[in-house]
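Chemist: So the protein lines, in turn, are chains C and U. Heads up: the first sequence begins at 1 in the working numbering, then just goes up one per residue. Heads up: the second sequence begins at 1 in the working numbering, then just goes up one per residue.
Treat the hints with care, as some may be off.
What the hints assert, rightly or not - Pairwise CB distance ranges, derived in the manner of DEER restraints: (1) C:Y13 <-> U:Q10: 31 to 41 Å; (2) C:L369 <-> U:Q10: 28 to 38 Å; (3) U:Q10 <-> C:E316: 51 to 61 Å; (4) C:R73 <-> U:L25: 51 to 61 Å; (5) U:A174 <-> C:K376: 20 to 30 Å; (6) U:A174 <-> C:A174: 58 to 68 Å; (7) C:A382 <-> U:A89: 50 to 60 Å; (8) C:K376 <-> U:L40: 36 to 46 Å; (9) C:S321 <-> U:L123: 47 to 57 Å; (10) U:V124 <-> C:D418: 17 to 27 Å; (11) U:V139 <-> C:R378: 54 to 64 Å; (12) C:S321 <-> U:Q10: 51 to 61 Å; (13) C:L369 <-> U:S293: 43 to 53 Å; (14) C:L369 <-> U:G131: 50 to 60 Å.
These are computed hints drawn from the structure, not numbers from a lab. Think of the CB as a built atom: it goes at the ideal place given N, C-alpha and C, for glycine as much as any other residue.
The primary structure of each chain is shown beneath.
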Amino acid sequence: MSKLKLNGVSKAYGATLALRRGDLEVMAGEVHVLMGSNGSGKSTLCKIIAGSVRPDEGRILINDTPVTITGPRSARAQGIGIFYQELSLAAHRSVEENICLAALPARARLFVDRAALKDRAARYIALFDGVSGEGFSADALVGNLRPDQRQLVEIMKALASEAPLIIFDEPTSALDRAQVERFFEILRDLKRRGRGIIFISHRMDEIKAIGDRVTIIRDGETITTLNLNETDAGTVIRLMVGGAGDMPASQSSAPAAVDAKDGAALTVRNLSGAGFRNVSFEVARGEILGFGGLHGQGQSALLRAIFGAGSVSTGEILIGSDRFDATSPRDAIRRGCAYVSGDRGRDGVISGRPIIENVTPIHYLRDRLMIARPSKLRDKVAPALESMHTKFASLFHPINSLSGGNQQKVIIARWLIDRPDVLLLDDPTKGIDLSAKADLFALIRQLAAEGLGIILYSSEDAELLGNANRILVFNGGSVSRELIGPERTRYNLYQAAYEAA
Amino acid sequence: MSRVMSFLRQPIVVALALIVLLLYLGELMSPGFASGAQILRLLIVASLLGIVAAGQNVVILGGREGIDLSVGGVVSLSAIIAGNVMNGADIGILPAIAACLVAGAFFGLLNGLGITLLRIPPLVMTLGMLGVLQGLLVVIRMGIPSGQAAPALSRFVTQPLFFGVPGIIWLWVAIGILMAFMLNRTVFGHRIYAIGSNEHAAYMAGVPVRLMRIALFMISGMFAAIAGLCLLGYSGSSFANVGEQYTLTSIIAVVFGGTSLAGGKGGYTGTMAGAFLLVILQGILTTVNIDESGRQMVFGATLLLLMMFYGRGRAMRA
Numbered sequence: 001m002s003k004l005k006l007n008g009v010s011k012a013y014g015a016t017l018a019l020r021r022g023d024l025e026v027m028a029g030e031v032h033v034l035m036g037s038n039g040s041g042k043s044t045l046c047k048i049i050a051g052s053v054r055p056d057e058g059r060i061l062i063n064d065t066p067v068t069i070t071g072p073r074s075a076r077a078q079g080i081g082i083f084y085q086e087l088s089l090a091a092h093r094s095v096e097e098n099i100c101l102a103a104l105p106a107r108a109r110l111f112v113d114r115a116a117l118k119d120r121a122a123r124y125i126a127l128f129d130g131v132s133g134e135g136f137s138a139d140a141l142v143g144n145l146r147p148d149q150r151q152l153v154e155i156m157k158a159l160a161s162e163a164p165l166i167i168f169d170e171p172t173s174a175l176d177r178a179q180v181e182r183f184f185e186i187l188r189d190l191k192r193r194g195r196g197i198i199f200i201s202h203r204m205d206e207i208k209a210i211g212d213r214v215t216i217i218r219d220g221e222t223i224t225t226l227n228l229n230e231t232d233a234g235t236v237i238r239l240m241v242g243g244a245g246d247m248p249a250s251q252s253s254a255p256a257a258v259d260a261k262d263g264a265a266l267t268v269r270n271l272s273g274a275g276f277r278n279v280s281f282e283v284a285r286g287e288i289l290g291f292g293g294l295h296g297q298g299q300s301a302l303l304r305a306i307f308g309a310g311s312v313s314t315g316e317i318l319i320g321s322d323r324f325d326a327t328s329p330r331d332a333i334r335r336g337c338a339y340v341s342g343d344r345g346r347d348g349v350i351s352g353r354p355i356i357e358n359v360t361p362i363h364y365l366r367d368r369l370m371i372a373r374p375s376k377l378r379d380k381v382a383p384a385l386e387s388m389h390t391k392f393a394s395l396f397h398p399i400n401s402l403s404g405g406n407q408q409k410v411i412i413a414r415w416l417i418d419r420p421d422v423l424l425l426d427d428p429t430k431g432i433d434l435s436a437k438a439d440l441f442a443l444i445r446q447l448a449a450e451g452l453g454i455i456l457y458s459s460e461d462a463e464l465l466g467n468a469n470r471i472l473v474f475n476g477g478s479v480s481r482e483l484i485g486p487e488r489t490r491y492n493l494y495q496a497a498y499e500a501a
Numbered sequence: 001m002s003r004v005m006s007f008l009r010q011p012i013v014v015a016l017a018l019i020v021l022l023l024y025l026g027e028l029m030s031p032g033f034a035s036g037a038q039i040l041r042l043l044i045v046a047s048l049l050g051i052v053a054a055g056q057n058v059v060i061l062g063g064r065e066g067i068d069l070s071v072g073g074v075v076s077l078s079a080i081i082a083g084n085v086m087n088g089a090d091i092g093i094l095p096a097i098a099a100c101l102v103a104g105a106f107f108g109l110l111n112g113l114g115i116t117l118l119r120i121p122p123l124v125m126t127l128g129m130l131g132v133l134q135g136l137l138v139v140i141r142m143g144i145p146s147g148q149a150a151p152a153l154s155r156f157v158t159q160p161l162f163f164g165v166p167g168i169i170w171l172w173v174a175i176g177i178l179m180a181f182m183l184n185r186t187v188f189g190h191r192i193y194a195i196g197s198n199e200h201a202a203y204m205a206g207v208p209v210r211l212m213r214i215a216l217f218m219i220s221g222m223f224a225a226i227a228g229l230c231l232l233g234y235s236g237s238s239f240a241n242v243g244e245q246y247t248l249t250s251i252i253a254v255v256f257g258g259t260s261l262a263g264g265k266g267g268y269t270g271t272m273a274g275a276f277l278l279v280i281l282q283g284i285l286t287t288v289n290i291d292e293s294g295r296q297m298v299f300g301a302t303l304l305l306l307m308m309f310y311g312r313g314r315a316m317r318a
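Starting from the given sequences, assemble the full structure and let the hints guide the process.
Modeler: Structure representation (structure tokens):
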């Protein structure tokens, strides 16, 4: 019997089609794995099931009956529970309260029944007895727990929903070996009791260990569903990558090697810090070095640390041949380092202020200006914006009047008035349209040709393959593989990213 | 049509319209309320408030729940310091100015350090500082005469200087021009807006966020100190908690003028109109014999009404 069936479900955000045609069938008593690269539509599909996104088209059936899920509460009422990847815990409350948060036992529908709450929470806490680690107890505050223990609480919370169908979105990312083993035992028990489980993970070994079937999603479409014991990792990756995966990066892409006689623009030696460890590499002048791998494997943390906005514990950084350990972005900027974040809203845009003021901060700092003369600044700002074909009506209109792509161009333009030596790009094209992307990469390649050392981290593999001279693949905070020349293929990129480190 | 509406909804237009309306109402209730001489008297009082509000304005523009509740205490302290230093003699004016500015900057520095280094929320830090200052005032005043304003200072504040307009109003106008220049034409001003709009983005663009914030609180303390000095000239001698009312009124003036309490949005021109408007309101309330506590209630209610009128999201982002 199928617990859940999705038929031709689609979702568009404006002009962007996040999910073209999602099909999925989860049977009672199976662990169903969902696989797909970043942006394939996998998380949109999960959100539709959990009720936080309404689909544009398609049918959802639970126990073979068509249903409409109107929101998260409605999903819970239909028997769907979810483990959230972004932890959704109340940090100042105890473990037991967090476990029962979704349905607090109450007396007279008003007063929390402490005894019943304790009882209920204890059942789920006992499941992880022995592996939950030091300091883990029913009355511990969640905020004081280690990341892996918090993730256990999140798992217990999902289990406590006792929903017939539970979605686990990367539930094991922070857990150690023993905790994962115990969790899998629990999942096997749930299977025996006829529950349906949707499991998302990027670790091939885990998927083989716990999954029964796998559904592969690529470019917003369900490609196929396979029995995991009849297939192998290579086949699954090939299906995720698509037909042309074995082809080397296309002709238009960057040269495989860069003449390094000018020396390195940036050197990083044995660098460790929060989120990354023991990373070493060099970026030559004129080179675009790609950072690949799954989301959150240390790429952003490393780039921010180089820029002085993250913490470095050991190791050294050199710009040219000078030791460079920026203590703040201000320090880094003064010494010719530039950083463009994909999270414009948080790191880039000075909202509500004119376009011109969004371009000038770096110029103020590097030229030690005190007075801002609009007429003089305009002569510097306008060419920088035009070099990227930025569309704007007036420099004095607020930056919020522009589209996302044009806003990002404005943010990049602020680095073009006084040229940096090193440019760090932290997933710079997130959420911008195709033509803006094309303009952006044309500029980046031109900057490299002018001798800048550039690091490009992108969550879109096509961008890496099309622009980077060399690609370092990150896994668990360190570089797991370096792809040079003809090795730069989609298949290799995926394989290095998905294999357990 | 919508352009006309959006023009009419601008805080400064609203404030100016209300000024005219209130002056008219005042004239109806008490003939002579809107006469030239009376308006000048109101403007003198408004400049005292406006100078305090200049400091409050930059602190609020700097964002991150920026607010300076200690200004009332600094105004009182400065009036007492000035009275004791000059003690009725013109020769003491310059030393008094210096002493007041140092005191204002010092307490602003303490506010700034507490907020940036110890990460105490501005509301709590400056409220605590207000308590400290009030206690300090009681201690200082034990046994020490409060001192007298120098005659030249009193003349500057109350007597005409150029074109029949007293010096303090000219000072206020000069501060207005300086503030407009600073906010719109200096790197420092652009950085105030930058940290007020998106502190993290400003940090990533190399703005020294902590130093900026400390500087803003020092500026606020210094403006409050100047206002305290002028207040002494206005009243002749200082008395206990002479500046107390300025904490609430300076915030109302800033909000009246359209500066967002969430930071990054607004300017000083509106605040000037807001200060004048508030003083006219105060005048009307006095005319109809409403006492100090009643006035405070009206001011509090006005602040709440304004927040509603300027709309959700404008006054305070979620």
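Chemist: Each of the hints needs a verdict: does it hold here or not?
Modeler: For each hint, the structure was consulted:
As the Cβ distance of Y13 (chain C) to Q10 (chain U) is approximately 34 Å, the hint placing it in 31 to 41 Å holds. Distance hint check: the CB atoms of L369 (chain C) and Q10 (chain U) are about 30 Å apart, consistent with the given range 28 to 38 Å. The hint said 51 to 61 Å for the Cβ distance between Q10 (chain U) and E316 (chain C), and at roughly 54 Å that hint holds. Between R73 (chain C) and L25 (chain U) the beta carbon distance is about 53 Å. The supplied range of 51 to 61 Å therefore holds.
Here the CB-CB span from A174 (chain U) to K376 (chain C) is close to 26 Å, well matched to the stated 20 to 30 Å. For A174 (chain U) and A174 (chain C), the Cβ-Cβ distance of about 60 Å falls inside the hinted range of 58 to 68 Å, so the restraint holds. Separated by about 58 Å at the C-beta atoms, A382 (chain C) and A89 (chain U) satisfy the suggested range of 50 to 60 Å. Between K376 (chain C) and L40 (chain U) the Cβ separation comes to about 41 Å, which falls inside the hinted range of 36 to 46 Å.
A beta carbon spacing of about 49 Å between S321 (chain C) and L123 (chain U) agrees with the range 47 to 57 Å that was offered as a hint. At roughly 40 Å, the beta-carbon separation of V124 (chain U) and D418 (chain C) lies outside the given 17 to 27 Å, and the hint is violated. The hinted range of 54 to 64 Å is satisfied by V139 (chain U) and R378 (chain C), whose Cβ atoms lie roughly 56 Å apart. About 56 Å separates the C-beta atoms of S321 (chain C) and Q10 (chain U), a value consistent with the hinted range of 51 to 61 Å.
Hint check: L369 (chain C) to S293 (chain U), Cβ distance near 50 Å, so the stated range 43 to 53 Å holds. Against the hinted window of 50 to 60 Å, the Cβ-Cβ separation of L369 (chain C) and G131 (chain U) comes to about 41 Å, which falls outside the hint.
Checked against the numbered hints given earlier, the structure breaks hints 10 and 14 and satisfies all the rest.
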